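Chemist: Next come the chains, spelled out residue by residue.
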Amino acid sequence: MVNILANPARFLRLAGAVLPWCWAAAAVTGGVGLWLAVFVSPADYQQGDSVRIMYIHVPAAWMALAAYTLVAVFSAVALVWKHPLAHIVAGAAVPLGAGFTAICLVTGMLWGKTSWGTWWVWDARLTSVLVLFFLYLGLIALRGAFDDAERGNRAAALLALVGFVNIPIIKFSVDWWATLHQPASVLRIGGPAIHPSMLWPLLTMAVAFMAYFAALLILSVRAEIAGRKLQALLVAAGRNEPAADGLQGEAR
Amino acid sequence: MLAKCAAHWIATGVPLIAAAPVLGVMLNLPVPGYGAVLGALALGTPALTLIGAIGAALTLGARRGGVLISLLVLPLYIPILIFGVAAVDAAIAGTDAGASLTALAGFLLAALALAPFAAAAALRQASR
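Which chain is which? The protein sequence lines are Y and H, in order.
The first sequence maps to residues 1 to 252 in the numbering used here.
The second sequence maps to residues 1 to 128 in the numbering used here.
The following block holds chain H by itself, in its conformation from the complex (with noise of 0.2 Å):
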């Protein structure tokens, strides 16, 4: 499980944090932004590829599984969202990112323990 998440998100994550800069400098960041971008995404995007994951396995072979599967999982990206916008915000602003930052990676941490177990147990019971 943690295996296809990684992979997920090196193909998924890892381009969009090497864009973040150039789409910085064409949507002009402010200067001080960069870093705090570039560290809530790094933080950001792997808990959303672990949090997708349990949305994808639980919808498989589900009717209309692509709209359900955004309404299961979009609520449970918007604290990652925030947490994200807030840590940049505090940058720019010139206050310290890192309470923000603190938070992603506390949902990092805590997706990396349960999501793979939620996901798991959620193919289990699809196959059976």
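The shape of chain Y in the complex, shown without the other chains (with noise of 0.2 Å):
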């Protein structure tokens, strides 16, 4: 499996092919989450309508996760079986995972300050989705700190693996201290406790989350894989010119 879509030409093909289904998933879930979300699913009798703010907060929430599971699963298979392919595709994913968990914090910030009062608490799952946060933007910089680009992936892959010791703290922080944020409500033991009237809605945005993350994956991979190649072009083109090598020795 590993070894099949590591070619990046049948990657290409196969995402090429991927990649409409997504943004048609991503639009129709969205359209129809959005749509129950805001104007059939019912007002929380004690929240109101801030309720709603769920519908985007927790899909984002589950897909930062998902998305660091996914960076740390490529670094891993990098680092081990040292395909170039899978360090772009973690790569990718960073920037990505970055953005859902900078929504779901400050969508997390807004539903706080109107259902506890507050914006922020040092409550151990808002920290531990803090930390996550500081991770993405670590594993960015740390990518793109080296002048061998090689070992910037190295070292984010490495580092990738080590800050995924904080995905089940994320997890399990709501049961293993009982602080502000509530715990689990949806996969928990015992089945959802929450009403199928909001579960649909929360359930189809989840879909329209993922769809939509695929689909910004795939034309990420896609940019980087062209960028590689224009930059191969580049330097087979420079050295072709005797003139311009000089230049192109001293720009680099």
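Relax, there's no trap hidden among the hints.
Here are the simulated lysine to any residue pairs, SDA-like style, with alpha carbons at most 20 Å apart:
1. Y:Lys171 with Y:Thr107
2. Y:Lys229 with Y:Pro8
3. Y:Lys82 with H:Ala121
4. Y:Lys171 with Y:Asp123
5. Y:Lys171 with Y:Leu105
6. Y:Lys229 with Y:His83
7. Y:Lys82 with H:Leu123
8. Y:Lys82 with Y:Ala72
9. H:Lys4 with H:Val14
10. Y:Lys171 with H:Pro79
11. Y:Lys113 with Y:Pro183
12. Y:Lys171 with H:Ile78
13. H:Lys4 with H:Ala120
14. Y:Lys82 with Y:Pro8
15. Y:Lys171 with H:Gly106
16. Y:Lys82 with Y:Glu150
17. Y:Lys171 with H:Ala103
18. Y:Lys82 with H:Arg128
19. Y:Lys82 with H:Ala120
20. Y:Lys82 with H:Gln125
21. Y:Lys82 with Y:Arg151
22. H:Lys4 with H:Ala126
23. H:Lys4 with H:Gln125
24. Y:Lys171 with Y:Leu203
25. Y:Lys229 with Y:Leu12
26. Y:Lys82 with H:Arg124
27. Y:Lys82 with Y:Val221
28. Y:Lys171 with H:Ile82
29. Y:Lys113 with Y:Gln46
30. Y:Lys171 with H:Ala110
31. Y:Lys171 with Y:Gln182
32. Y:Lys171 with H:Tyr77
33. Y:Lys82 with H:Ala126
34. Y:Lys82 with H:Ser127
Keep in mind the hints are simulated off the structure, nothing from the lab.
Nothing here was measured: the structure is a model prediction, and the numbers come from that model.
Put the complex together from the two separate chains, hints included.
Modeler: Here is the structure:
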């Protein structure tokens, strides 16, 4: 499975075939999900309409965790089997995951202000998600911090594996420490503790976020591969022109 | 790796622990807090050193490595800071500081078991 997809040309063909379906799924489920969330689902009896923040906040949080898990898996694959494509996928997923984490934090603060009366507390869940956000930023910075791109890739892959200890901490933080953030109410033993009228819009939005993430990931992997091809072509072109050789050497 | 970390801790962590009671007096720390301060520092500072070792190994030879290492390592320090503060708070309030100290000890043991390997792997890939 890994070896089949490791060939960039084959990956690009497959990605090109999958991409329109991702966009279509994101548009349809996103449209339906937003309609359900804003117009169909009931307002909460305590929180009123502010409960609708959940339909953005929770899928964004799930995607933040899922994206990091994906980064960690691809980093492990890249370190063990040394597939360049795995580094590219991990590198492409990091900014997307950072974006979802930022959405999760911002909507969480807005929701916290309306229902808890505070923007921020140093609660275990909030803190661990903030740590996740900084891990994403660290991965972006570390990848770009070396003159040798390959070293940056390897260092970032290693940091991604180290940072993976944070993922179970985020997931179980609400069970281990009974602080302000509520415990899990969808993925829990004994079934969802949330009424179907709110659960279905939530799951629809989760599918939309997932499809949107997949589409963006494919786009940015394609852009990265195209960029590398361009780089290789430029280097090859520079080598064929003796006059430009000295300039090229100095520029690099 | 472990020896390097131990040396670093003796140079930074141990003086801090030794200075803590004096600083406590200067900052008017209530008497029940001293034991918790010493315990939290004794458990927390080696964990900080071990986590920092991973960051140092990863940023070896990086551009602006000094800024980068703080971005990488400071977020990972937050839980240790929180539990250390929680232990001292609990001791001052007269409740049990044991829970937070146990959590700190857990972080230390996990860091002791995992961080040397991570730092060694980072060094290996850096020297390749």
